[in-house]
Amino acid sequence: MSDVIDPAALGDEDRAALQRLILTLADSKRLLGIRYSDWILGSPSVETGIATSSMTQDEWGHARLLYAMLKSLNTDPRAAEHDRATSEYASIAALDEEAPDWAALVAMMTLADRAITVMLESFSRGSLEQAGSRVPKMLAEEEFHTSLGAAWYRRLAGTEGEAHELLVRATTSMLPTLIAWVGADDPPMKRMVEAGVIEAAGDRLAAFRDAVRDLTALVDVDVDTVEPSTDWDGARGRTAGQPSEESAARARGDLNRALLVD
Amino acid sequence: MREILYDVFARKDRGDPLSHIGYVDAFDEETAKIYALTTYSEQTWFEMCVVERSSIIPVTDGEGLFAQLRRARNE
Numbered sequence: 001m002s003d004v005i006d007p008a009a010l011g012d013e014d015r016a017a018l019q020r021l022i023l024t025l026a027d028s029k030r031l032l033g034i035r036y037s038d039w040i041l042g043s044p045s046v047e048t049g050i051a052t053s054s055m056t057q058d059e060w061g062h063a064r065l066l067y068a069m070l071k072s073l074n075t076d077p078r079a080a081e082h083d084r085a086t087s088e089y090a091s092i093a094a095l096d097e098e099a100p101d102w103a104a105l106v107a108m109m110t111l112a113d114r115a116i117t118v119m120l121e122s123f124s125r126g127s128l129e130q131a132g133s134r135v136p137k138m139l140a141e142e143e144f145h146t147s148l149g150a151a152w153y154r155r156l157a158g159t160e161g162e163a164h165e166l167l168v169r170a171t172t173s174m175l176p177t178l179i180a181w182v183g184a185d186d187p188p189m190k191r192m193v194e195a196g197v198i199e200a201a202g203d204r205l206a207a208f209r210d211a212v213r214d215l216t217a218l219v220d221v222d223v224d225t226v227e228p229s230t231d232w233d234g235a236r237g238r239t240a241g242q243p244s245e246e247s248a249a250r251a252r253g254d255l256n257r258a259l260l261v262d
Numbered sequence: 263m264r265e266i267l268y269d270v271f272a273r274k275d276r277g278d279p280l281s282h283i284g285y286v287d288a289f290d291e292e293t294a295k296i297y298a299l300t301t302y303s304e305q306t307w308f309e310m311c312v313v314e315r316s317s318i319i320p321v322t323d324g325e326g327l328f329a330q331l332r333r334a335r336n337e
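Chain order of the listed sequences is A and B. Numbered by our numbering, the letters in the first sequence go through residues 1 to 262 in order. Numbered by our numbering, the letters in the second sequence go through residues 263 to 337 in order.
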């Protein structure tokens, strides 16, 4: 681990880069929780629905902890959570839309959730003290997400017919944007690497590829040859696009504003 | 897709009896463990395990659940 940094002492550009990084992680967690929640009642079995509900709670709890890190940058976490326009959300593109079928949710569980975990693993080993103290518990809670996703991925990949085809479609659709996000190496990310907040792009990308290589090979997708999306949005630290308006309204809690407490 | 029935056993504290607390349908040991943990998460268990129901060998040949199930399976 690098020497611990003081977020309050960062220069403007480093501070903006760290804020962008925290927001893309927090927003992705929140949107992933929404995507899981969409399938609590539509899962293939009661047991899977309960597990999906548990993952939903995990993701929302993790998002809350990540948003809270913004305090150290003198940014109001409450405003970040509840008052941003949809176009400002920095969640990964793979989560912009509801999973249209169970295979797509399994791909989210296996690929998108894993991409976020790889980024958090790297973040937890970096120079931000809060990441080192808060993220390991999240990673421990993520372990069963990884196991469940892998089990379902193997199961669907081993079938013939529609489920297999849907899994291939979801996998090939998600991977380019995930690889662009995990392997981001634009100036703000370079700043974070130089500050020791997160590991180098090549290392993160190698970790992600190692994590999913054997699974995607089951549907004849070679993760080592997938090219990253080129539609990078440097302002938000994600690829182009945004969550649907309905999703952002849920992420912000628009329907529950009257219930918000300080 | 084939599902396998796993019975779930747990004890609340060290020294407590291991009790049958329910069952889950899963497709392998890994998913059975996950489903047991998430389904029966209302308490913090000292120990929890899952057993594939077909592996349970009833000792008493009475009206117990597992003896009945074994008889039904053998008919």
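Don't read these hints as lab results, they were simulated from the structure. All figures in this text were calculated on a predicted structure; none of them were measured in a lab. Any given hint could be a false lead.
Covered by chain B, per the in silico footprint, the following chain A stretches (three or more residues, Cβ under 8 Å) [claimed, not checked]:
#1 47-59
#2 137-149
Listed next, the in silico PhoX-like pairs over lysine-lysine satisfying Cα-Cα at most 25 Å (straight line) [said to hold, decoys possible]:
#3 B:Lys274 / A:Lys137
#4 B:Lys295 / A:Lys137
#5 A:Lys137 / A:Lys71
Think of the CB as a built atom: it goes at the ideal place given N, C-alpha and C, for glycine as much as any other residue.
Cross-check of the supplied hints:
{"no.": "1", "hint": "47-59", "verdict": "holds (count 6)"}
{"no.": "2", "hint": "137-149", "verdict": "holds (count 3)"}
{"no.": "3", "hint": "B:Lys274 / A:Lys137", "verdict": "23 Å, holds"}
{"no.": "4", "hint": "B:Lys295 / A:Lys137", "verdict": "20 Å, holds"}
{"no.": "5", "hint": "A:Lys137 / A:Lys71", "verdict": "20 Å, holds"}
Going through the hint list in order, the structure satisfies each hint without exception.
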